[in-house]
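So the sequence lines, in the order shown, correspond to chains A, B and C. 9 is the number that my numbering gives to position 9 of the first sequence; each next residue is one higher, with no gaps. 61 is the number that my numbering gives to position 61 of the second sequence; each next residue is one higher, with no gaps. 8 is the number that my numbering gives to position 8 of the third sequence; each next residue is one higher, with no gaps.
Wrong hints could be hidden among the right ones.
Once the Cα atoms are required to be at most 25 Å apart in a straight line, the calculated SDA-like pairs of lysine to any residue come out as [unchecked claim]:
1. 101(C) x 85(A)
2. 105(B) x 84(A)
3. 52(A) x 210(A)
4. 99(A) x 110(A)
5. 72(C) x 84(A)
6. 93(A) x 36(A)
7. 48(B) x 195(A)
8. 68(B) x 36(C)
9. 99(A) x 150(A)
10. 48(B) x 261(A)
11. 85(C) x 15(C)
12. 105(B) x 149(A)
13. 105(B) x 46(A)
14. 69(B) x 35(C)
15. 67(C) x 217(A)
16. 105(B) x 190(A)
17. 101(B) x 177(A)
18. 67(C) x 216(A)
19. 125(A) x 36(A)
20. 74(A) x 286(A)
21. 35(C) x 72(C)
22. 149(A) x 78(A)
23. 166(A) x 76(A)
24. 171(A) x 261(A)
25. 105(B) x 203(A)
26. 149(A) x 251(A)
27. 38(A) x 99(A)
28. 48(B) x 78(B)
29. 48(B) x 252(A)
30. 101(B) x 51(B)
Simulated from the structure, these hints should not be mistaken for laboratory data.
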Amino acid sequence: MRSAIHFASAALALAALSFGAMPFAVAADTPDPAADAKAFQKFFTEKFPKVKLDDFVNGPYSMNEDMHRQWEEKEQFPPYDFSLDLGKEMFAKPFKNGKSYADCFPNQGIGIRQNYPTFDEKEGKVVTLELALNRCREANGEAPFSYVKDEMAALTAYMAFTSRGKPFDIKIPNDPRALEAYENGKRYFYTRRGQLNFSCASCHVQNPGERIRAEVLAPALGILNAMPIYRSEWGGMGTISRRFTTCNSQIRGVPLEPQSDEYRDLEYYLSYVSNGLPVSGPGARP
Amino acid sequence: MSGTGRANVLKSLALATTMLIAGAASALAGASEADFKAAYAAAEAANKQAASLRNQWTPTAAALAAAKKAAEAGDFDTAVASSQEAEALAKASIYQARSEKDAWKALEIH
Amino acid sequence: MASTIRVRATSSGETTEVQALIQHPMDSGYVKDAKGDLIPPHFIQQLTFEHDGKNVFLADWGPAVSKDPYVKFSFKGGKKGDDLKISWVDNKGASDTTTAKIQ
Numbered sequence: 001m002r003s004a005i006h007f008a009s010a011a012l013a014l015a016a017l018s019f020g021a022m023p024f025a026v027a028a029d030t031p032d033p034a035a036d037a038k039a040f041q042k043f044f045t046e047k048f049p050k051v052k053l054d055d056f057v058n059g060p061y062s063m064n065e066d067m068h069r070q071w072e073e074k075e076q077f078p079p080y081d082f083s084l085d086l087g088k089e090m091f092a093k094p095f096k097n098g099k100s101y102a103d104c105f106p107n108q109g110i111g112i113r114q115n116y117p118t119f120d121e122k123e124g125k126v127v128t129l130e131l132a133l134n135r136c137r138e139a140n141g142e143a144p145f146s147y148v149k150d151e152m153a154a155l156t157a158y159m160a161f162t163s164r165g166k167p168f169d170i171k172i173p174n175d176p177r178a179l180e181a182y183e184n185g186k187r188y189f190y191t192r193r194g195q196l197n198f199s200c201a202s203c204h205v206q207n208p209g210e211r212i213r214a215e216v217l218a219p220a221l222g223i224l225n226a227m228p229i230y231r232s233e234w235g236g237m238g239t240i241s242r243r244f245t246t247c248n249s250q251i252r253g254v255p256l257e258p259q260s261d262e263y264r265d266l267e268y269y270l271s272y273v274s275n276g277l278p279v280s281g282p283g284a285r286p
Numbered sequence: 001m002s003g004t005g006r007a008n009v010l011k012s013l014a015l016a017t018t019m020l021i022a023g024a025a026s027a028l029a030g031a032s033e034a035d036f037k038a039a040y041a042a043a044e045a046a047n048k049q050a051a052s053l054r055n056q057w058t059p060t061a062a063a064l065a066a067a068k069k070a071a072e073a074g075d076f077d078t079a080v081a082s083s084q085e086a087e088a089l090a091k092a093s094i095y096q097a098r099s100e101k102d103a104w105k106a107l108e109i110h
Numbered sequence: 001m002a003s004t005i006r007v008r009a010t011s012s013g014e015t016t017e018v019q020a021l022i023q024h025p026m027d028s029g030y031v032k033d034a035k036g037d038l039i040p041p042h043f044i045q046q047l048t049f050e051h052d053g054k055n056v057f058l059a060d061w062g063p064a065v066s067k068d069p070y071v072k073f074s075f076k077g078g079k080k081g082d083d084l085k086i087s088w089v090d091n092k093g094a095s096d097t098t099t100a101k102i103q
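Next comes chain A alone, as it looks inside the complex (with noise of 0.2 Å):
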């Protein structure tokens, strides 16, 4: 009896495995990310009518008039000020082969936050800035910086800032790889974990605007536009490898190694549905 249950399993499983291979079998299940972030700017447009698109960058400082206030006095002195002076000093000082991070970089590293992550197609996986900035360290016969500490911060604080208001721009090319990296990375933001069984969705997406004890939740689009920031309850700045690192356990989950497979590709998802979004970063928060 038990060897035909596990024959019968055996065959489904055979039988859902060839099924798989095929490309796009099913077409309610095709990935059309297109769709996706026309559905999730649509999402949150509509339940924020009176915010702008643009607008929504700024964070828990878009949900209430209040708050815009108080964001607009404090971007006349932003509290994220020194790091980026850190950032732009570290950003110049050549590496002690004589390199630069210039070198490393399109443009010369300049104005080009909104096109991260990109997909490497040679490598089959999502690039993140962070991940570039400390590859290019590597390269240079630097060490690395923790993901989730200052310099890294500073650094990815000053090239947001010499991107400034350009659309994000986040391109998923025509390789299956890139497209199964943003499906991971959805279901991620979907999936909920932790012992508190949360979704990154079940605050920024449900909850947005409401309060989470004292903080205004931030709605998912244009979250990402603003990292990195100076967050007053870290009393400095963050990355988002150490936001990600901090939701997942705030949620009573032990958070995965920052630029792990699955932030990558969360990052990648994020990023995604948030383009046509101004990079806004660094940002403030309380």
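For chain A, the structure is supplied; the task is to place chains B and C on it using the hints.
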């Protein structure tokens, strides 16, 4: 306890009290180091499985650490209880990861 | 190293509005680090803004002021092009000074 006479019972009670004071109460309640090791191994195995599903919970790690600490202090009752808690948490995280395999789609914006 | 003090002072004719941001850890002495050790107190004790030879703003600060503090105030007087001297001293004896032009 195998005491037959009244004196024997009293004696063992006195012994028990001494042991309680010495902080070795667990020896009476029955959980042994072997029990702890088995319970801990089961919890660790479940947590490892959760790791392979990329869905470990922080309370699992905390319960495992508490179990280890209790065992080092000789408190095998607590150690076993914490191990069992860790195993239950790890199993819940495994269940979560498996049920989310498809359930995540319910949240997706279309 | 770049200055730890950022200042912007603008004159409206009668009054001058000053905004300043100072980079300082402002450790209260009550917070523990990741290892559980107390982070020793390290905070600014005195902050002064000087215009035309006299103090226009003087703050005696303690451990309760937050990290990277921000100050905003205005004072009577001050013309465009005047110097505004800002300095702070902390409990470890460290200090920094900068001079900004009123705009």
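In rising order, the numbers of the hints this structure does not comply with:
2, 6, 12, 21, 27
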